[in-house]
Amino acid sequence: EGNEECALLEKGVGPWKRYLQGLGKWPSEWQCPGVNPVGYLKRLHSEKRIILVHLCHLTEEEMTWIGDHRNLSPCVCLRSNLYVSNQAASLDRLWQAGCKVALGTDSLASNESLSLQAEMKTAKHLFPSLPSGEILRMATLHGAQALGMDNELGSFEPVNRPGVLLAAAQSLDEFLGAPQQIPLRRVA
Numbered sequence: 013e014g015n016e017e018c019a020l021l022e023k024g025v026g027p028w029k030r031y032l033q034g035l036g037k038w039p040s041e042w043q044c045p046g047v048n049p050v051g052y053l054k055r056l057h058s059e060k061r062i063i064l065v066h067l068c069h070l071t072e073e074e075m076t077w078i079g080d081h082r083n084l085s086p087c088v089c090l091r092s093n094l095y096v097s098n099q100a101a102s103l104d105r106l107w108q109a110g111c112k113v114a115l116g117t118d119s120l121a122s123n124e125s126l127s128l129q130a131e132m133k134t135a136k137h138l139f140p141s142l143p144s145g146e147i148l149r150m151a152t153l154h155g156a157q158a159l160g161m162d163n164e165l166g167s168f169e170p171v172n173r174p175g176v177l178l179a180a181a182q183s184l185d186e187f188l189g190a191p192q193q194i195p196l197r198r199v200a
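Start counting the sequence shown at 13; every next residue gets the next number (my numbering).
Since the hints were derived computationally from the structure, they do not count as laboratory data.
Zero decoy hints are in this set.
Capping the alpha-carbon separation at 20 Å, the derived lysine to aspartate or glutamate pairs in EDC-like fashion look like this:
{"hint": "1", "residue 1": "37", "residue 2": "17"}
{"hint": "2", "residue 1": "136", "residue 2": "124"}
{"hint": "3", "residue 1": "136", "residue 2": "185"}
{"hint": "4", "residue 1": "54", "residue 2": "73"}
Construct all of the structure, not just a fragment, from the sequences and the given hints.
What follows is the structure, given as structure tokens:
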């Protein structure tokens, strides 16, 4: 969510409304909820799995609330956020609040590549205190959990599909700390 999207939900104004009006797609019956995105989500009272993307404007209280709801899966696209708004979600604080954060890439419209390796490196660069193993889980298991596919992807389990990449690095910390992309080779 960007400032423009927040303005639309909170006040019913801004460039998104003008854009949709210009396309003739603005729903005349729409009622402005008058709350931020998390406030709107709270009103839904949904128990369904929901992936929450970007999360650049969260308070500590909102992070804790998201961490307390296991049906909510935060997905952070750090490089996309930096490109679009020059800010990133507080990945370290989301993790400390108990959120099982997944790393994402967004799209090529707001990112130079769809590389999770680059997202992992960015996460380690921006949040060096985050354990490297947790960053790996964010790029693997937590993403699979967010998609409801952790019974077949994201971890080494006998029932899971293989998808193993071999990196030319001596350790996970070396892999995440190297400034360049490290060549990967699929081995399973």
